[in-house]
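Protein chains: 2
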Amino acid sequence: MSHADENISKRDRLIQVAMDLFAFQGYGNTGLAQIAREAEMLPGSLYHFFPTKEDLLAATLQTRLRLLQSEVLDPIWDRIDDPIERIFGLLDGYRRMLAMTEFGHGCPIGNLAIELSETHPKIRPLLAANFDNWIRAVAQCFREAADRLPPDADPEQLARFVLITMEGAVMLARTYRNFAAYDDAVTTLRDYVERLIRSGTGDDPPRGRGAASRASESG
Amino acid sequence: MSHADENISKRDRLIQVAMDLFAFQGYGNTGLAQIAREAEMLPGSLYHFFPTKEDLLAATLQTRLRLLQSEVLDPIWDRIDDPIERIFGLLDGYRRMLAMTEFGHGCPIGNLAIELSETHPKIRPLLAANFDNWIRAVAQCFREAADRLPPDADPEQLARFVLITMEGAVMLARTYRNFAAYDDAVTTLRDYVERLIRSGTGDDPPRGRGAASRASESG
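Protein chains in written order, with numbering that gives the first Met the number 0: chain S, 0 to 218; chain V, 0 to 218.
One chain only, chain S, in its complex shape (with noise of 0.2 Å):
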C-alpha cells in the first residue's frame, strides 16, 4: 500500500469511527480521544486529517451524503420494484434500525439537526444537504407513481412529509422505548397514500369526475 493509499485508508477508518459514535453518543459527548482511540490512531494523525472537531463532522456528513445510495437505497431499491412499496421499505428500514440499536439510533441526521442545527450554523447546510438528498430520492419514487396519484399531488411535498413522518416517529419510538407510535405513523401514512391512490383518476371523490365514475361503476 503507497502512503496515499495509507492516508486514504487512515482518513476513512475515522471518519467511519466519528459516524458510528456521533450516531449513538451524540456529537457533544464524542471526544476526539477517544475517536483516535477506537480508531487506533495517535490523537496527533486525527488532527492531521482534521484540525477540528467540525472539520470532523462536516467530513462525516459528506460521507453519509455520497453514500445515501448505495448504502441504504439500493439494498432496499434491489428488493423491491414497486415505487410506492419503496417509500415503505425505506421507513422500515429505520425501525430495523432502531431494533437493531435498541433504540440508540434511528436516524444519525436527525440527532445531529436537533443537537447541532442552534450552535453549528456551518453545519447546518450538510444537514439540510443530507435531508435534500434523502427528499429528492423519494420524490423520485412518487414521480415513478404519478399514474396512480392525484395529478396535482406534488411529488416533493410528499417526499418532505415522509421525511418529517420518520423523523418524529423515530423521536416518539426512542423515547417510548417501543414501536407503538412508530408503527401508528406508518399505517397512518399508508391510509393517507392509499387515500390519494384510491382518488388518483382525477378530482377528489365528493365532487366531478372521480366519484361519478366510480359510482357508475358500482351502481
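Hint data in this document are derived by calculation from the structure and do not stem from the laboratory. Every residue, glycine too, gets a C-beta built ideally from N, C-alpha and C. Take the hints with a grain of salt, since some may be wrong.
Stated by the list, open to error - With the C-beta cut set under 8 Å, the calculated list includes, among others, these residues of chain S facing chain V: (1) I7; (2) R10; (3) G109; (4) R159.
As the list claims (entries may be wrong) - Pulled a few chain V residues facing chain S out of the computed Cβ check, cut under 10 Å: (5) A38; (6) M40; (7) R123; (8) R159.
As the list claims (entries may be wrong) - Computed Cβ-Cβ distance ranges for the label pairs, DEER-style: (9) V:E84 x S:E193: 24 to 30 Å; (10) S:I196 x V:P150: 19 to 25 Å; (11) S:D151 x V:E84: 20 to 26 Å; (12) S:E70 x V:E5: 57 to 63 Å; (13) V:Q61 x S:A179: 21 to 27 Å; (14) S:N6 x V:M99: 45 to 51 Å.
Got chain S sorted already, so can you dock chain V onto it with the hints?
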C-alpha cells in the same frame, strides 16, 4: 412573605430559568452555575432545592406537564371553538414559537427527547408523560369531531400522528431555517384530515355507502 412562601418562589424561579435555558441551549450545554446566576441566587441555594441537575430537569418536566393546559392549550382553545381547527391552531402555535425564537426552539420536549432519551433513562418516563399529555388533548379534539370522521378513525392514533408531524416539521424548520417544510407538512396533514372528513359518512369512497350517497347528491 413567609419563609415558606419565599422558598416556593425561589424554587419556581429556578424551574422557570432552567426551563428556558434547557429549551434554548439544551440540557448538556446548560450548567448549574448559569442557572443560579440567571435566577439571581447563590449556587448553594440551588443545591438546597435540587441536589442534582437531573432533579432540576425532572422538576421542569413536571412543571411543563402541569402547565400544558393553562399555558399552551387554553390560549388557543379560548380563541378557536372548532375541534379540528384547534389542532391546526396548536400547530400554528409551534410555528409562532419557531418564529419568535428565530428557530432556536419549537418544542422543548422534542429537543430534550432527542438529547436525553438515550443517556437519561430515568427522565424518559417524564418525557413520555409530556407527549402523552399532548396526545390526550389532541385526541380529545378528534373525539369531539367524531361525527365528521370515518367511524374507524382512531382519535389516539390520529393525535399521535399530529404530534409526530409537528416534531418532524419542527426539526426540518430548524435545520433549513425556514418554514417551507413546516408549512408543507401542515398543508399535507390538512389534506389528510379533509380526506378523512369527506369520507366521514361511512366507508371509503370507492366502495359502498359513502361513494353512492355522495354520487346521488352530485347526480
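Hint check:
1. I7: violated, 30 Å
2. R10: violated, 27 Å
3. G109: holds, 6 Å
4. R159: Cβ of S:R159 sits 5 Å from chain V, so the hint holds.
5. A38: violated, 22 Å
6. M40: At 26 Å from the nearest chain S Cβ, V:M40 fails the 10 Å test, so the hint is violated.
7. R123: holds, 6 Å
8. R159: holds, 5 Å
9. V:E84 x S:E193: 24 to 30 Å: Since V:E84 and S:E193 have Cβ atoms about 26 Å apart, the given range 24 to 30 Å holds.
10. S:I196 x V:P150: 19 to 25 Å: holds, 22 Å
11. S:D151 x V:E84: 20 to 26 Å: holds, 23 Å
12. S:E70 x V:E5: 57 to 63 Å: holds, 59 Å
13. V:Q61 x S:A179: 21 to 27 Å: holds, 24 Å
14. S:N6 x V:M99: 45 to 51 Å: holds, 48 Å
The structure fails to meet hints 1, 2, 5, 6 from the earlier list, while all remaining hints are met.
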